[in-house]
Structures are given as C-alpha cells and as structure tokens.
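**Student:** If you want the building blocks of each chain, they are given just below.
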Amino acid sequence: MASLLDLSLSEARDGLKAGTFSSVELTEAYIAAAEAARPLKAYIVETPDKARAMAAEADKRLKSGEAAPMTGIPVGVKDLFCTNGVQTTAGSHILEGFVPPYESTVTANLWRNGAVMLGKLNLDEFAMGSSNETSYFGAAINPWRANGEDAKLVPGGSSGGSSSAVAARAALCATGTDTGGSIRQPASFCGVVGLKPTYGRCSRWGIVAFASSLDQAGPITRTVRDAAIMLGAMAGFDPKDSTSADIPVPNYEAALTGDVRGMKIGVPKEYRVDGMPPEIDELWSKGMDWLKAAGAELVEVSLPHTKYALPTYYIVAPAEASSNLARYDGVKYGLREPGDSLVEMYESTRAAGFGAEVKRRILIGTYVLSAGYYDAYYLKAQKVRTRILQDFSTAFETVDAILTPTAPSAAFALGAKTGDPIAMYLNDIFTVPAPLAGIPGISVPAGLSKEGLPLGLQVLGKAFDEETVFKVAGVLEDAAGFAAKPDPWWE
Amino acid sequence: MSVDKATVARIAHLARIAVPEEQLEPLAAELNQILAFVEQLNEVDTGNIAPMASVADMKLRRRKDEITDGGYAEDVLKNAPATEHGFFAVPKVIE
Numbered sequence: 001m002a003s004l005l006d007l008s009l010s011e012a013r014d015g016l017k018a019g020t021f022s023s024v025e026l027t028e029a030y031i032a033a034a035e036a037a038r039p040l041k042a043y044i045v046e047t048p049d050k051a052r053a054m055a056a057e058a059d060k061r062l063k064s065g066e067a068a069p070m071t072g073i074p075v076g077v078k079d080l081f082c083t084n085g086v087q088t089t090a091g092s093h094i095l096e097g098f099v100p101p102y103e104s105t106v107t108a109n110l111w112r113n114g115a116v117m118l119g120k121l122n123l124d125e126f127a128m129g130s131s132n133e134t135s136y137f138g139a140a141i142n143p144w145r146a147n148g149e150d151a152k153l154v155p156g157g158s159s160g161g162s163s164s165a166v167a168a169r170a171a172l173c174a175t176g177t178d179t180g181g182s183i184r185q186p187a188s189f190c191g192v193v194g195l196k197p198t199y200g201r202c203s204r205w206g207i208v209a210f211a212s213s214l215d216q217a218g219p220i221t222r223t224v225r226d227a228a229i230m231l232g233a234m235a236g237f238d239p240k241d242s243t244s245a246d247i248p249v250p251n252y253e254a255a256l257t258g259d260v261r262g263m264k265i266g267v268p269k270e271y272r273v274d275g276m277p278p279e280i281d282e283l284w285s286k287g288m289d290w291l292k293a294a295g296a297e298l299v300e301v302s303l304p305h306t307k308y309a310l311p312t313y314y315i316v317a318p319a320e321a322s323s324n325l326a327r328y329d330g331v332k333y334g335l336r337e338p339g340d341s342l343v344e345m346y347e348s349t350r351a352a353g354f355g356a357e358v359k360r361r362i363l364i365g366t367y368v369l370s371a372g373y374y375d376a377y378y379l380k381a382q383k384v385r386t387r388i389l390q391d392f393s394t395a396f397e398t399v400d401a402i403l404t405p406t407a408p409s410a411a412f413a414l415g416a417k418t419g420d421p422i423a424m425y426l427n428d429i430f431t432v433p434a435p436l437a438g439i440p441g442i443s444v445p446a447g448l449s450k451e452g453l454p455l456g457l458q459v460l461g462k463a464f465d466e467e468t469v470f471k472v473a474g475v476l477e478d479a480a481g482f483a484a485k486p487d488p489w490w491e
Numbered sequence: 001m002s003v004d005k006a007t008v009a010r011i012a013h014l015a016r017i018a019v020p021e022e023q024l025e026p027l028a029a030e031l032n033q034i035l036a037f038v039e040q041l042n043e044v045d046t047g048n049i050a051p052m053a054s055v056a057d058m059k060l061r062r063r064k065d066e067i068t069d070g071g072y073a074e075d076v077l078k079n080a081p082a083t084e085h086g087f088f089a090v091p092k093v094i095e
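Residue numbers (my numbering), protein chains in the order written: chain A, 1 to 491; chain B, 1 to 95.
Treat the hints as calculated values from the structure; they're not laboratory data.
Every residue, glycine too, gets a C-beta built ideally from N, C-alpha and C.
Treat the hints with care, as some may be off.
A few chain A residues that face chain B, going by a derived Cβ cut-off under 8 angstroms, partial list only [as the list claims (entries may be wrong)]: (1) Thr312; (2) Tyr314; (3) Asn324; (4) Leu342; (5) Thr366; (6) Ala381; (7) Gln382.
Heads up, simulated DSBU-like pairs for lysine-lysine below, C-alpha to C-alpha not over 30 angstroms straight-line [claimed, not checked]: (8) A/Lys240 to B/Lys5; (9) A/Lys450 to A/Lys307; (10) B/Lys5 to A/Lys417; (11) A/Lys383 to A/Lys50; (12) A/Lys307 to A/Lys292; (13) A/Lys292 to A/Lys264; (14) A/Lys450 to A/Lys286; (15) A/Lys450 to A/Lys152; (16) A/Lys307 to A/Lys264; (17) A/Lys417 to A/Lys462; (18) A/Lys17 to A/Lys286; (19) B/Lys78 to A/Lys50; (20) B/Lys78 to A/Lys240; (21) A/Lys417 to A/Lys307; (22) A/Lys269 to A/Lys292; (23) A/Lys240 to B/Lys59; (24) B/Lys78 to A/Lys332; (25) B/Lys59 to A/Lys462; (26) A/Lys292 to A/Lys417; (27) A/Lys17 to A/Lys60; (28) A/Lys264 to A/Lys462; (29) A/Lys240 to A/Lys383; (30) B/Lys64 to A/Lys332; (31) A/Lys383 to B/Lys59; (32) B/Lys92 to A/Lys332; (33) B/Lys78 to B/Lys92; (34) A/Lys307 to A/Lys240.
DEER-style ranges, computed between Cβ atoms [unchecked claim]: (35) B/Asp69 to A/Gly419: 41 to 51 angstroms; (36) A/Ala371 to B/Lys78: 36 to 46 angstroms; (37) A/Gly419 to B/Asn79: 29 to 39 angstroms; (38) A/Ala254 to B/Ala29: 49 to 59 angstroms; (39) A/Lys63 to B/Ala53: 43 to 53 angstroms; (40) B/Arg61 to A/Gly419: 58 to 68 angstroms.
Turn these sequences into a full structure, and let the hints steer you where they fit.
**Tutor:** Printed below as a string of structure tokens:
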C-alpha cells in the first residue's frame, strides 16, 4: 500500500476515476499512516470512522460517474476550521471540548467536492506562532531531520500540523490558514507547497478568527498542480462572509501551461536582508536563473516599506485579535473557571484558558487600541499598511509576479526561539507583506540546505491573479525537480 | 513610549485576564520589547496617507432586513458551560 501514499492529489484523482484503486483503499492507507505518524503530533483528533464512511460514499459517486474534483481524496483539516460534530479547538485550552454545531464554508465546499476528512490538524494556539510550539496540545514535529542528526525540528507555524502531515504522507493534502505566513512558512520548512490566496477568495465563515483583515484559508499540498485543484474546491463567493469576493473561481489547473515566456518577474532588492544565510541567497538566484531560462524577464523592483511590514503586522494583528478573542469569556462555549463575580469569572477563565503568547498579543492589542494610544500605534500602523499596499501596486504596474525566498532560514530546533518573541516574529519577514496587502503568495520547495533540510521559494502575484502565481510556481517546481522525502524515522 | 507595572495591570483588567502580581514586571519587560520593535514605524512619513480600511476595493453588500436563519436555541446552548431554562447562566450580576 505504500505506493498509494506517494501519489500526488492529481495522480490519486486520476487513479480513482480510472478505477485503479478505490477511495476506501486510499483512505485506509492514510488512516494507517496517520496512526503510524502519531509521534509527529500532527493530528489533534483523527476521525477514521468518518473517513471510512465518506470514502464509501465517494466510491459510490465514482461508480455512478458523478465524481467532483476532489471525490475520494483524503484531506486533513487545520483545527481552526469549525467542523460539524467534530471537536474544534484552535489549539487552545479555552476551546477544548468545543464541538461546533455547524460547518465552515471552506470545509463544506471540500465535502461537497467529494473530499474525505481524516481528522483535525495541530496548530499554534489561535494560529499565533511560527513554530507550532504555542499549541496547548503540544508542538507538532517536522518529519525532516538534519543530515545525521536526530534532534527534533519545528514544522513551522501556525499550520504546522498541516505541513507536517502532508510531508510525512499522513495526509494527501490539508487546509491551512495564513495571517502573516502561516501557510507559506510551514510549507517551506516541510518541503511542501502552500498557497495563501487573495484576501476574499476563500470564505472566512466558520474559521476561528485571529485577525479578520488578514486571515485567509488556503491549501497545503505536495505539488503545485495539487494546490491548484484544491484551491478550486475550497474557494468561492459566500454571502455569509461580508468580505468574500463575488467573482468567479477560474479553473486553476488550466493555468499550469508551463509557459512563462515574455513574463516579467520582479525581484525586490529590499528582500536581501542582513544576516540571511548565503544558501537562501543562492537558492533565490537559482530561482531567477530557472525563470530566465524558461523565457521570463527579470526586473529589479523596489518595495521600500518592506522593513516596516513586521512592526505594522505586530500592531494590526494583535489589535484585531484582542477584539476577536473577547468572545472567549466562559459563557457561550469552552472553558469556565469559577469566580465570585461575573468579571472575576471572565478574568480567571481567560487567565487559565489562554497560553502565554496569546495573552501577550491580547495585551499588546488592548494597549494599542486603548484611549490615548490608538492614534500613535493603531492608526499609524494602518497608514503604513496603506504604504505597503502602494509599494506592491506600483511594482505590479511593471511586473506580472514577484520572486522572493519564503523564509530566512530552514526549520530550526524545538525550543530554539521560544524565549525571544522578536526572534520568532522575524521568521515571517518575507511572508508578512502579502497579507498586509491582501495579495496571493505561494511557497514551492526548491532545494535543500547544506544540512539536508527543505527550503522554499515564494511567488507573489496581483490580487485575484492566483493563475499567474500557479503558472510561475509550476515552472519553478519543474526546474527545481524537488524529489527529496523525509526518512520515516517515526514509524 | 513604554509601559510600567501599573499600566500592565490596567490593560490586563481591560482585557479581562487575571495576571498575578509577580508576573506584572516580566510582562512589562516583554511588552516593552515589542513596543520598542514597533517604534520604528515613526520613521515612515504618513502625512497625507489615509489609514487602510480594507485591502480589497469593495463595498460592503447590503441585504434585506429579514430573518434568514435561527430557531435552534438548543444547538446554540449545547457548548455552554452552564445553562438554565434555555438561557446561558452566569454568576449573579445584580446585588
């Protein structure tokens, strides 16, 4: 059965349609793989019974010739998406035991398109983190290890359970969400593909909210084609999300023509930062060479406010989080700790229910929104955010897409950065600008570090032009020929 | 700008998070580290720049003011830590 686990989503789809194997067979292989991969702590909850029932249903649909784009494909779901009847925790103690009586729009779209649910995947608490270490349920582990080492590495975050499971062949593909890099950075750390779509492309309804003006759902897969197929099955207009875009979802797979001749690819000089390891720089240059060889034209562009993206993000995101997380008060769902008065009950519930990083961000958010500081911090950050968007708008007047590294390093060891919030935040230096500007971005595995760890390249595109992003990413993927797999040390 | 112990206690209360006395000082240090980091935004000239309201150029949609959903109080209450007579129950608020 091991060979079934190595199929990409598109190969599995074709095999299911041709009747080479059934969804039940494919799903059983993944149920066993998810169980064997428990040392990675990628799943918070496995749902094998649900998976078997959905797979049997998918096989009926396949037999009757009514297959949808994802019929019979086993999917892992980041535990930030509400799933009807299945515990949804956001990686937090405060939501432990919460069983939503409704389904998020993105997962409902996936099930309508025939996908099979394997379970709920680990993440940083409320998606706040870049290493998965803030999860109340323990950190998910990266299936990759450095050459000759057995030290455990982080899978990146916040969608670390998703990237870990997909890389370890414990899920064929997975949903993620990206607020400051939470799809692309873990994809880079685990050697898989991760796409953050344009803000408004996927509905946010039913996704536990972190920072509402930044949050976007997207696919984590093993190939660019798989990401194109999966995004098509997730995206679409939803009247229940007031910021959902009422524009048609194109056939993303059709964009993968492999033809980038004459396209202009921007290379932002501000992304060459001090202290960046030379191998990241070398990989970036390789990416440029690959695109040039494929007939694209490279153009130096300037995004002058790049260095201000992180500080802007660390005002805007905590501010929105402090407001969104006000709902966890021990009344409607989740944890309640006793208190003599209503306010004491709130305060003790939130003290016991939130972890250190979440508390830190709520406090920062509360401070920057408080009377006397709102103009100096929050309003200032929203103005700089306008400047960051203007930088991209100007660049996209002359280029079709932008090429950058995804992250300033390969995966690091567990615990290496937990003591220093700023060092942890710096992981997101290349991924944070895209959500601030609302534009799409993808990470493609493009090579290995000298320690043998995956490194990703990032392609950014114009708003609602995921097709160009996929097209360029597909060319990079072909040129890179990334075929390395982690050794299954956890089995 | 930086925060002291008293400010941390004040914002913790605003955020309804109980913070034990001995954690106020270390928290102030952590928050000051983050505030010092975001301070660099003051280098950016934002004189005539409008603060961002939305990344997408879109207007909020309107719909008819009518009931389109609801009627399942049981589902709504299912996850509540305490309920009474079909309501959420909380510690006594009125003396």
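**Student:** Are the hints correct? Go through all of them and say.
**Tutor:** Hint check:
Satisfaction of the interface hint for threonine 312 of chain A is found here, the shortest Cβ-Cβ separation to chain B being roughly 7 angstroms, below the 8 angstroms cut-off. The beta carbon of tyrosine 314 of chain A is positioned within 8 angstroms of a beta carbon in chain B (closest approach about 6 angstroms), and the interface hint is therefore held. Nearest Cβ of chain B to the Cβ of asparagine 324 of chain A: about 12 angstroms, over the 8 angstroms cut. The hint is violated. A hinted interface residue such as leucine 342 of chain A counts as satisfied when its beta carbon comes closer than 8 angstroms to some beta carbon of chain B; here the least separation is about 5 angstroms, so the hint holds.
The beta carbon of threonine 366 of chain A is positioned within 8 angstroms of a beta carbon in chain B (closest approach about 4 angstroms), and the interface hint is therefore held. Using the Cβ-Cβ criterion of 8 angstroms, the hint placing alanine 381 of chain A at the interface with chain B is satisfied: the shortest such distance is roughly 6 angstroms. Here the hint on glutamine 382 of chain A is kept, as its CB sits about 4 angstroms from the closest CB of chain B, short of 8 angstroms. The hinted pair formed by lysine 240 of chain A and lysine 5 of chain B fails the criterion: a straight-line CA distance of about 42 angstroms is larger than 30 angstroms.
Distance hint between lysine 450 of chain A and lysine 307 of chain A is fulfilled; the C-alpha atoms sit about 28 angstroms from each other, no more than 30 angstroms. For the hint linking lysine 5 of chain B to lysine 417 of chain A, the alpha-carbon distance of about 26 angstroms falls within 30 angstroms, and the restraint holds. Restraint check: the Cα-Cα separation between lysine 383 of chain A and lysine 50 of chain A comes to about 47 angstroms, which exceeds 30 angstroms; the hinted pair is violated. At roughly 27 angstroms between alpha-carbon atoms, lysine 307 of chain A and lysine 292 of chain A fall within 30 angstroms of each other, so this suggested pair holds.
Between the alpha carbons of lysine 292 of chain A and lysine 264 of chain A the distance comes to roughly 10 angstroms, so the proposed pair stays at or under 30 angstroms and holds. Between lysine 450 of chain A and lysine 286 of chain A the CA atoms are separated by roughly 15 angstroms; this keeps the pair inside 30 angstroms, and the hint holds. Only pairs whose Cα atoms come within 30 angstroms are accepted, and lysine 450 of chain A paired with lysine 152 of chain A is accepted, the gap being roughly 17 angstroms. A distance of roughly 24 angstroms separates the Cα atoms of lysine 307 of chain A and lysine 264 of chain A; the hinted pair therefore holds under the 30 angstroms criterion.
Under the criterion of a C-alpha separation no larger than 30 angstroms, the hint pairing lysine 417 of chain A with lysine 462 of chain A is inconsistent with the structure, at around 33 angstroms. For the hint pairing lysine 17 of chain A with lysine 286 of chain A, the CA-to-CA distance comes to about 38 angstroms; that exceeds 30 angstroms, so the pair is violated. Distance check on the hinted pair: lysine 78 of chain B and lysine 50 of chain A sit about 21 angstroms apart at the alpha-carbon level, within 30 angstroms; holds. In summary, the hint linking lysine 78 of chain B to lysine 240 of chain A is supported, as the alpha carbons are separated by about 22 angstroms, within the 30 angstroms threshold.
A hinted pair counts as satisfied when its Cα atoms are at most 30 angstroms apart, and lysine 417 of chain A with lysine 307 of chain A qualifies at roughly 21 angstroms. A threshold of 30 angstroms between alpha carbons decides the hint, and for lysine 269 of chain A with lysine 292 of chain A the separation of about 17 angstroms falls inside it, so the pair holds. With a C-alpha separation of about 15 angstroms, the suggested pairing of lysine 240 of chain A with lysine 59 of chain B holds against the 30 angstroms cut-off. Distance hint between lysine 78 of chain B and lysine 332 of chain A is fulfilled; the C-alpha atoms sit about 9 angstroms from each other, no more than 30 angstroms.
Distance check on the hinted pair: lysine 59 of chain B and lysine 462 of chain A sit about 20 angstroms apart at the alpha-carbon level, within 30 angstroms; holds. Distance hint between lysine 292 of chain A and lysine 417 of chain A is unfulfilled; the C-alpha atoms sit about 37 angstroms from each other, more than 30 angstroms. Distance hint between lysine 17 of chain A and lysine 60 of chain A is fulfilled; the C-alpha atoms sit about 12 angstroms from each other, no more than 30 angstroms. Restraint check for lysine 264 of chain A and lysine 462 of chain A: satisfied, since their Cα atoms lie roughly 13 angstroms apart, inside the 30 angstroms limit.
As the CA atoms of lysine 240 of chain A and lysine 383 of chain A are separated by approximately 29 angstroms, the hinted pair is consistent with the 30 angstroms bound. Only pairs whose Cα atoms come within 30 angstroms are accepted, and lysine 64 of chain B paired with lysine 332 of chain A is accepted, the gap being roughly 28 angstroms. Between lysine 383 of chain A and lysine 59 of chain B, the direct Cα distance comes to roughly 20 angstroms. Compliance with the 30 angstroms bound is thereby established for this hinted pair. With a C-alpha separation of about 16 angstroms, the suggested pairing of lysine 92 of chain B with lysine 332 of chain A holds against the 30 angstroms cut-off.
With a C-alpha separation of about 21 angstroms, the suggested pair lysine 78 of chain B and lysine 92 of chain B falls inside the 30 angstroms cut-off, and the hint holds. At most 30 angstroms may separate the alpha-carbon atoms for a hinted pair to count; lysine 307 of chain A and lysine 240 of chain A exceed this at roughly 35 angstroms. Our hint of 41 to 51 angstroms for aspartate 69 of chain B and glycine 419 of chain A holds, since their Cβ atoms are close to 46 angstroms apart. Separated by about 38 angstroms at the C-beta atoms, alanine 371 of chain A and lysine 78 of chain B satisfy the suggested range of 36 to 46 angstroms.
At about 35 angstroms, the CB distance of glycine 419 of chain A to asparagine 79 of chain B agrees with the hint of 29 to 39 angstroms. Between alanine 254 of chain A and alanine 29 of chain B the beta carbon distance is about 54 angstroms. The supplied range of 49 to 59 angstroms therefore holds. Separated by about 51 angstroms at the C-beta atoms, lysine 63 of chain A and alanine 53 of chain B satisfy the suggested range of 43 to 53 angstroms. Checking the proposed 58 to 68 angstroms range against arginine 61 of chain B and glycine 419 of chain A shows it is violated: the Cβ atoms sit about 46 angstroms from each other.
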